[in-house]
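Q: Okay, here's what each chain looks like letter by letter:
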Amino acid sequence: MKKILLQLDTDSQPSVFDAVTAYDGGVDRILQHSSITPESAVPLVHGVMFTRGGDDLKNSAVFVGGSDVAAGEAVLDAVKGSFFGPVSNSVMLDSNGCNTTAAAAVAKIAGAVDLKGKKVVVLAGTGPVGLRAALFFSEEGANVTITSRSMAKAEKGCAQLKDRFDLTAQAAECKDAASVASALDGAVAVLATGAAGKMLLPESVWKGHATLKALGDLNAVPPSGIENIKPHWNAKDIDGQLIFGPIAIGGLKMKVQRSCVERLFSANDLVLDAREIYEVVKEFHKN
Amino acid sequence: MKKILLQLDTDSQPSVFDAVTAYDGGVDRILQHSSITPESAVPLVHGVMFTRGGDDLKNSAVFVGGSDVAAGEAVLDAVKGSFFGPVSNSVMLDSNGCNTTAAAAVAKIAGAVDLKGKKVVVLAGTGPVGLRAALFFSEEGANVTITSRSMAKAEKGCAQLKDRFDLTAQAAECKDAASVASALDGAVAVLATGAAGKMLLPESVWKGHATLKALGDLNAVPPSGIENIKPHWNAKDIDGQLIFGPIAIGGLKMKVQRSCVERLFSANDLVLDAREIYEVVKEFHKN
Amino acid sequence: MKKILLQLDTDSQPSVFDAVTAYDGGVDRILQHSSITPESAVPLVHGVMFTRGGDDLKNSAVFVGGSDVAAGEAVLDAVKGSFFGPVSNSVMLDSNGCNTTAAAAVAKIAGAVDLKGKKVVVLAGTGPVGLRAALFFSEEGANVTITSRSMAKAEKGCAQLKDRFDLTAQAAECKDAASVASALDGAVAVLATGAAGKMLLPESVWKGHATLKALGDLNAVPPSGIENIKPHWNAKDIDGQLIFGPIAIGGLKMKVQRSCVERLFSANDLVLDAREIYEVVKEFHKN
Chain V
0 MKKILLQLDT DSQPSVFDAV TAYDGGVDRI LQHSSITPES AVPLVHGVMF
50 TRGGDDLKNS AVFVGGSDVA AGEAVLDAVK GSFFGPVSNS VMLDSNGCNT
100 TAAAAVAKIA GAVDLKGKKV VVLAGTGPVG LRAALFFSEE GANVTITSRS
150 MAKAEKGCAQ LKDRFDLTAQ AAECKDAASV ASALDGAVAV LATGAAGKML
200 LPESVWKGHA TLKALGDLNA VPPSGIENIK PHWNAKDIDG QLIFGPIAIG
250 GLKMKVQRSC VERLFSANDL VLDAREIYEV VKEFHKN
Chain Z
0 MKKILLQLDT DSQPSVFDAV TAYDGGVDRI LQHSSITPES AVPLVHGVMF
50 TRGGDDLKNS AVFVGGSDVA AGEAVLDAVK GSFFGPVSNS VMLDSNGCNT
100 TAAAAVAKIA GAVDLKGKKV VVLAGTGPVG LRAALFFSEE GANVTITSRS
150 MAKAEKGCAQ LKDRFDLTAQ AAECKDAASV ASALDGAVAV LATGAAGKML
200 LPESVWKGHA TLKALGDLNA VPPSGIENIK PHWNAKDIDG QLIFGPIAIG
250 GLKMKVQRSC VERLFSANDL VLDAREIYEV VKEFHKN
Chain R
0 MKKILLQLDT DSQPSVFDAV TAYDGGVDRI LQHSSITPES AVPLVHGVMF
50 TRGGDDLKNS AVFVGGSDVA AGEAVLDAVK GSFFGPVSNS VMLDSNGCNT
100 TAAAAVAKIA GAVDLKGKKV VVLAGTGPVG LRAALFFSEE GANVTITSRS
150 MAKAEKGCAQ LKDRFDLTAQ AAECKDAASV ASALDGAVAV LATGAAGKML
200 LPESVWKGHA TLKALGDLNA VPPSGIENIK PHWNAKDIDG QLIFGPIAIG
250 GLKMKVQRSC VERLFSANDL VLDAREIYEV VKEFHKN
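Chains as they are written, first to last, in numbering that gives the first Met the number 0: chain V, 0 to 286; chain Z, 0 to 286; chain R, 0 to 286.
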């Protein structure tokens, strides 16, 4: 029986990235659907729930993607709400790569430095990837600070973390080198999750920093988010500081995404969202 | 050479149910197209007609689906009109599951009781599934009555049967227990094809009914169309009456749909619509 | 690793013809996208560029199609502009079959008569197929004349040939039998690329013509573009003149298209547009 993945994408063109990755993760057939809303998702999910029975249910699964994470979360809720009793299919959310990218970045950094009880900063951390990174750092025992150019936005991000993941984080405003330096005071690790082509952390602040031991950057479009680092750096040692660029993190992200899709077909009741995907990357990154 | 199915769906999202069923019926590749009209169907059908020649034509076929049966019938006509001479592909219509569902229900009932020359009632039988069920009961030699809450609608349904299938059926108005009892007077079998969650046949009418030997219900959403029956009942014997719930009928429907799709690839000139699909279910249900 | 083709189609329904041909050319999976613009193409191309690395890049490729050749050319430019350095995928343009159809027609004619230094006429040659046929005839060493019902349109076609392919062609106005006869004076070959069902070349002009040795017609809808020929004629000898009808040319076109798609997966940096596709047909037609 063929492994069929129902790709529910909230954008007007379904993601090619997600489709290729799913095929490379062992999926036999993908049914691609675009412009998906919670309402339009339900009858499509019925189409996988009611076509295969019993143990065969696990050969169909659902992937929710698209560039808008909030839209994807609403579709995920609708998908989960469609199931009843034992009649369900496994489902994964990775809109905009939010879960797999954040998981890969945090796993890299957590493998480089002990985070337990330590301060970690997520720069420009109020977006979906930043908030998930904050969650994963917290799962590693770190005390997390998320920054934004506006204190109000940083505090709103903290409120979302509390609300969605029951997580307490600190907010900090970062407008210039001095306020970034202040936010990083005492931190052991930093992850830059800002917009493409936006430099967030000046070399004058990070280089030779007293406590900062691991640095990660997700911005692949020059200039880099962490000034003067290279995208392919993978635990590059600069005077005792280990640095991870977006291409190194992206390589792990890809493997994690493939592995998560593969796992969807091991049972008919998995929900792979933030925490579950971080568990996968941890197992995965160990080996 | 791969078996390619061209899925022409009149809805804005192509049916996942039909696609999974087609893959499970042995199709290698599906080309899914949505929002199909008779006009947009033609160049797509040319794409299967002109890419493979001679005996290879049978490795491409067309499936017409979507929730609107009338729209599907118009597309089917356009598909058939595209063919010329020996250059054709096999095609199947099953919009809203109308053919396979009605065929499965009637086959179950016809296997439970002899219908030849007997009265059979299709409750709320004016929709596409009900009308096809009436046709199939008639193929089994039954005298069919279709009911509606309005006599005018029931008579319109009879006119459609005459027009489309050259079939004479009786009309009856059913508004309450008394009128349902009256319509069922002397009937050997009944099939409820009403809206989801709509109870049509009270237990006080069917239980211990003098002539009624087989009962079928297509409504899977509680309350059931036939009061106090269970969806998974499959020829459940209640004091000599055999009862078929929607899940039991749905299981056969699925097998019929898979089998019909499989047959499409045995020749390049099959048209599987109502009567042809009922022939398939009869062969199938025997074995 | 599966061979994945990204089908970027500028029409609202992606071409079934192109998809079936690609599967028959050995592609394992097609990701079909419709209503593609240069803007919407870029993130989709990123989805093939960034999911597979190094030597694996050649297992993903891009096909640009649709009925509007100018729209397809704009998408092709956007696709090529997405690549950077060694990170690229092979891509083919065949909107409206322009390249493969013209290539097949010219290859047939060039195989039937020596064109070097000879006059060749493309009737109604100002459309995308006609202009590409003019290019390919020129690659065979012929002096090309393109005709139109209006001299202004014929001259505009010549300007496009100069602009796009740096090719000098002659313009001629053809309104009636006399002007067609005049345009064909001294020509060794002619190809009719006019609209469906439009007769362009009267039998009184072509039959027994003093110099005309090879004739091709792309119009499959009666009446034929060359009066009183048959669509399946394949080098049919009529008193020393060799005639190629649209079905004979179409058969070669199909093989060329399959072969081109197959070649896309031999490297990650091929661009198969007009000249490259004509090279393929020449190799192909020899064997």
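Treat the hints with care, since some could be wrong.
Mimicking BS3-like on lysine-lysine, the simulated pairs with C-alpha atoms at most 30 angstroms apart in a straight line are [what the hints assert, rightly or not]:
hint, chain 1, residue 1, chain 2, residue 2
1, R, 197, Z, 2
2, R, 1, Z, 57
3, Z, 79, R, 229
4, R, 152, R, 197
5, Z, 1, R, 2
6, V, 1, Z, 117
7, Z, 174, V, 57
8, R, 57, V, 1
9, V, 115, V, 79
10, Z, 1, R, 281
11, Z, 2, R, 152
A few chain Z positions that, by computed beta-carbon distances, are all more than 10 angstroms from chain R [said to hold, decoys possible]:
hint, residue
12, 42
13, 45
14, 50
15, 67
16, 158
17, 238
No lab work stands behind these hints: they were computed from the structure.
The beta carbon of each residue, even a glycine, is placed where N, CA and C say it ideally should be.
Q: Confirm or reject each hint.
A: Now the hints, each set against the structure:
As the CA atoms of residue 197/R and residue 2/Z are separated by approximately 36 angstroms, the hinted pair breaks the 30 angstroms bound. For the given pair, residue 1/R sits about 26 angstroms from residue 57/Z by alpha-carbon distance, which is consistent with the 30 angstroms threshold. With a C-alpha separation of about 25 angstroms, the suggested pairing of residue 79/Z with residue 229/R holds against the 30 angstroms cut-off. Of the pairs offered as hints, the one joining residue 152/R and residue 197/R holds, with about 18 angstroms between alpha carbons and a cut-off of 30 angstroms not exceeded.
Note on residue 1/Z and residue 2/R: the hinted pairing holds, with a Cα-Cα distance of about 15 angstroms set against a maximum of 30 angstroms. Distance check on the hinted pair: residue 1/V and residue 117/Z sit about 45 angstroms apart at the alpha-carbon level, beyond 30 angstroms; violated. For a cut-off of 30 angstroms, the pair hint linking residue 174/Z to residue 57/V is broken: about 44 angstroms separates their Cα positions. Restraint check for residue 57/R and residue 1/V: the C-alpha separation of about 26 angstroms stays at or below 30 angstroms, so the hint holds.
Taking the CA atoms of residue 115/V and residue 79/V, the gap is about 34 angstroms. The hint is violated against a cut of 30 angstroms. At most 30 angstroms may separate the alpha-carbon atoms for a hinted pair to count; residue 1/Z and residue 281/R meet this at roughly 28 angstroms. With a CA separation close to 45 angstroms, the supplied pair residue 2/Z and residue 152/R exceeds the 30 angstroms bound. With a least CB separation of 8 angstroms from chain R, residue 42/Z falls inside the 10 angstroms interface cut-off, contrary to its annotation.
Not every CB of chain R is more than 10 angstroms from the CB of residue 45/Z (nearest about 7 angstroms), against its label as outside the interface. Taking the minimum C-beta to C-beta distance to chain R, about 4 angstroms, the non-interface status of residue 50/Z is violated against the 10 angstroms cut. Look at residue 67/Z: its CB is around 18 angstroms from the nearest CB on chain R, clear of 10 angstroms, so calling it non-interface holds up. The claim that residue 158/Z is not at the interface with chain R holds, since no C-beta of that chain comes within 10 angstroms of its own (minimum 36 angstroms).
Its beta-carbon lying about 55 angstroms from the closest one in chain R, residue 238/Z satisfies the requirement of being farther than 10 angstroms from that chain.
Checked against the numbered hints given earlier, the structure breaks hints 1, 6, 7, 9, 11, 12, 13, 14 and satisfies all the rest.
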